[in-house]
Amino acid sequence: MAGMTVEDALAYLKTISTSTGDDAFTHISEIVRTVLQAKAKNAVDILESSFLLKKTRFVSHEGDKPVKRGRDPSDVKPVKQFFSLFCQKEPEPAVKEEPKNEDEGEEEDDPPEEPEEPPVNEFEAQNMLMDSVFFDACGCGIGRLDTYLVILALKQLGDDPTFGIETVRFFGKFLGISNNYYVFESTLKEGANGDVEEEDVEEGEEGQEGEEKPKKSKNWGRPVDGIPLEEGVGTNAMVYWYCHRPGDACQKLPPVTPLQVKTARQLKKYLTGDPEAEVSGYPPFPGIELNYLRAQIARIAHATQIAPAGFYSASEDDGGEQTVTPAEDFTMPPTEQLVALEEWVHKNAMISKQGRSTKYEEPESEGEDQLEADGEEAVEGEEGEDDEEAQDEEEEEEAEQEEVPQEEEQPGPLRPISEDKDLLGMEGVKAWSICKSSSIKGLKHQVVCLRSHLWPGAYCVATPTSFSNVYVGYGVKNEPFKPSMPPPVQKEYRKQMVEATDLPPKPDPPPPQDEEEGVGDEAGDGEEDDDEEEY
Amino acid sequence: MESNLTLMLEALAGQGCILPSEQRAALDISLKIKKQDAGLSTLALWGRVFTRTGNDYILAEGTVSAKRVDRKLVFDTKYYFTQDGVLWLDLQPPENDYRYALCKSAKGPFTGDPANVFLVVSDPVEPSEFEKLVEPAVAGDKSSSSVTDEKTGSEADTEAPSESEPENDDNDEDPPGEPGEAQVIPDEEVVEGEGGGEGGAEGELEEIPAGVEVPELERLCGLMKWIDEECGVVPINSLVLTPHDDLIKNHAFTGPIFFDELDSYCHLFGGYMTAPLSKDLPGSWGCHVIPLQNDVIVKSLVWPGYFSYYSTTNHDWGSIYFGYGEKNNDIGFGVP
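The listed protein sequences derive, respectively, from chains X and H. For the first sequence, this note's numbering begins at 1 and goes up steadily by one. For the second sequence, this note's numbering begins at 536 and goes up steadily by one.
Derived by calculation from the structure, the hints in this document are not laboratory data. One or more of the hints may lead you astray.
Okay, the calculated bits of chain H under chain X, using three or more residues with CB under 8 Å as the criterion [as the list claims (entries may be wrong)]:
{"hint": "1", "segment": "546-559"}
{"hint": "2", "segment": "567-578"}
{"hint": "3", "segment": "581-592"}
{"hint": "4", "segment": "759-772"}
Okay, the calculated beta carbon distance ranges per label pair [said to hold, decoys possible]:
{"hint": "5", "chain 1": "X", "residue 1": "P483", "chain 2": "H", "residue 2": "R606", "range": "36 to 44 Å"}
{"hint": "6", "chain 1": "X", "residue 1": "V79", "chain 2": "H", "residue 2": "I568", "range": "28 to 36 Å"}
{"hint": "7", "chain 1": "X", "residue 1": "E30", "chain 2": "H", "residue 2": "T777", "range": "38 to 46 Å"}
{"hint": "8", "chain 1": "X", "residue 1": "C87", "chain 2": "H", "residue 2": "D658", "range": "37 to 45 Å"}
{"hint": "9", "chain 1": "H", "residue 1": "N539", "chain 2": "X", "residue 2": "I31", "range": "26 to 34 Å"}
{"hint": "10", "chain 1": "X", "residue 1": "D23", "chain 2": "H", "residue 2": "R606", "range": "23 to 31 Å"}
{"hint": "11", "chain 1": "H", "residue 1": "G806", "chain 2": "X", "residue 2": "P483", "range": "27 to 35 Å"}
30 Å max Cα-Cα, derived DSBU-like pairs, lysine-lysine [what the hints assert, rightly or not]:
{"hint": "12", "chain 1": "H", "residue 1": "K642", "chain 2": "X", "residue 2": "K421"}
{"hint": "13", "chain 1": "X", "residue 1": "K441", "chain 2": "H", "residue 2": "K570"}
{"hint": "14", "chain 1": "H", "residue 1": "K613", "chain 2": "H", "residue 2": "K814"}
{"hint": "15", "chain 1": "X", "residue 1": "K436", "chain 2": "H", "residue 2": "K814"}
Note that the Cβ used here is the ideal one computed from N, Cα and C, for glycine as well.
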């Protein structure tokens, strides 16, 4: 302090701070002025807190900005969806007609401007309100508030007459990096199909990957597969819909193809939240994120949808396909019984290495080599190690004509979950764990919760009256991930290069050298093509 | 740092962070009781770790103090766990870096039994770090043996491999994790080939360790510390240093201006203002704004199950971990 003059000191205090644009001098003088004006008793305490506020860069913006009236442009759509979700008209001055009161499920879905009122679709929905209480009791699901929005979304989805939904259920929520997916599982009425275009998979080229299909730009550069998808059964028995938030218009997810399932097994990707995003990885995924989501849904549904033993009864169709239907005379066992793994069975069959839950046989006319190609495909599918292959319980035995080197056993539906293999790489860790809603012994009316370790986020809760499955997670399987190696480097072409004989005959040899030069000089720049031809 | 429990659980419920109703009902009160009993300045719910058997752990973290010492932020944190939501029990953090590294190497889900002990084979280390760890890595199943050692009281054997002792003077108490002392034991137990004064198999790099015992609770605490260091997300400027170098909650916090940018959030235990999330491995964080509710959720993809939220309406923030306690090492494949 000694060497500083008053001017120096003032100049120093007046240096402007680079981040906030004010300086110490102004601030100190403000404080001194405030303290003198306030004449408070505890001036010292005010002083300290004032410095603290300064340090936090607290600048009060209250009263600065004018408050806008009306909607932010980015909020317009969510607001509209919110009101439509709750079946109310938006309170806007622009609306010409007066808002009507709506009864539940009686009114039309279309905006009031339409004179016609198409009939509301009759459908069955899951009793989510009841389920949400049980989910909460066990510590799973998405919470009561969000679940209520999902309930309304279920209604909105089911009401829509164009979709033609017969039954609908909330499958689960997939968390993505920048956006989430709410997925609904449904069955459709006869003859109904959504209005989303589907990606067709071309038959014909078996096992060839990277085949270009100029027919549809969507499929360009993506691998195609000869094994056709299962229509309406197995992995495509249910139709799935998704939306980003309850209230959004639901989009239908296309059916899943076996190649998509097989490839999804070899990838470990997170969903970005944009359904049109590319799923980049090796092996190349035949589709966009929409398809990847669908493939994960298929895997999760087939691995983690469970039901108490006896709830479903399997029946054989004419085509040898098994369908499960709820049994008529079924009563839920008491809670004490439900806590045993043996009491629970898988609802769906396992997805085979082929990528389908029912085996696809090549038509016989293809011949033996095609069948071998199939076998090879099945072997290749092993790269992505997953323990969806149980060695027991062959419920579906079809007369196998082809001798595939690795006979794949096809576990059918309704196998008890106690026989699920332990997690790969970890002994003793069962695929399922059971817990109850309360740790207090003897508490009546508890809820039993089964939790999957293979697919973290898959839960099933049960009470003596009902049970319910849900999935909330990233869509990633809990298994050690082994990335696929790229294919071996292709060998050089070894054969002798032979000139083709079917090309047009050789042109005449060029004229002698001197003439050519003369011609070239004269021609100059204008006749370059002549020169080229001569060469 | 303490956050509003109700708001946080409500904001993050949509991500799957649900506590069972019974535990949730007990939590508000039990946290308060524990805070008073332990004399903490803050006590917050840290998260829930799922276990193999269904007896999940609910974890809480409290701070006694958070100070700036020599340009670094030093936190005195206490860790607690409960399985029923009512009674909170202490968790001891791992004593030294070696134990901490062991906790990190443990694989597999937790069992839900607090008395469980894991046998951990430490991860292979870089050659440069090998010297520090060469004795412990080779000590084998020392914990079980060290118990018997204490019982028989065979102090006489300690002099035999005395040449190996000098390197490990630091920890002279006798926890099972003490490398130097344990050096003795294989010699004593393995009568066959080794013999006494060989100094253990110090030079034998090929010997595969049978596994070190790590109690489940220690691993749990190590996990909390690990996730705190790697995550521990707070919005910038949400905490502030007092003139006494204490870090306290900023009561004048009005929130980051660009709340949907990763720049606005930082690692509290990793350097605070100097460690924004945007400097992390690209793609390891996802930021999601919920329209109309204006809640921002920051998700970690390296630790799936870790969420941090910030509410623009009431400037509240918090973070939580709901998961199995396993880090996602395949992050490189997973991000677009």
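Hints, one by one, checked against the model:
For the segment 546-559 of chain H, the stated coverage by chain X is satisfied: 10 residues place a CB nearer than 8 Å to a CB of that chain, which reaches the threshold of 3. Judged by the Cβ-Cβ criterion of 8 Å, the segment 567-578 of chain H is not covered by chain X as claimed, because only 0 of its residues qualify and three are needed. Counting residues of the segment 581-592 of chain H whose C-beta lies closer than 8 Å to any C-beta of chain X gives 8; at least three are required, and the coverage claim holds. Under a criterion of three residues with beta carbons nearer than 8 Å to beta carbons of chain X, the stated coverage of the segment 759-772 of chain H fails, only 1 such residues being counted.
Separated by about 42 Å at the C-beta atoms, P483/X and R606/H satisfy the suggested range of 36 to 44 Å. The hint said 28 to 36 Å for the Cβ distance between V79/X and I568/H, and at roughly 43 Å that hint is violated. Between E30/X and T777/H the CB atoms are about 21 Å apart, so this pair departs from the stated range of 38 to 46 Å. Taking 37 to 45 Å as the suggested C-beta distance range, the pair C87/X and D658/H does not conform, at roughly 57 Å.
For the hinted restraint 26 to 34 Å between N539/H and I31/X, the CB-CB distance of approximately 33 Å keeps it satisfied. About 25 Å separates the C-beta atoms of D23/X and R606/H, a value consistent with the hinted range of 23 to 31 Å. Hint check: G806/H to P483/X, Cβ distance near 33 Å, so the stated range 27 to 35 Å holds. A C-alpha spacing of about 18 Å is found between K642/H and K421/X, which places the hinted pair at or below 30 Å, so the restraint holds.
Taking the CA atoms of K441/X and K570/H, the gap is near 28 Å; set against the 30 Å cutoff, the hint holds. The hinted pair formed by K613/H and K814/H meets the criterion: a straight-line CA distance of about 28 Å does not exceed 30 Å. Taken as a hint, the K436/X and K814/H pair is broken in the structure, with Cα atoms around 42 Å apart against an allowance of 30 Å.
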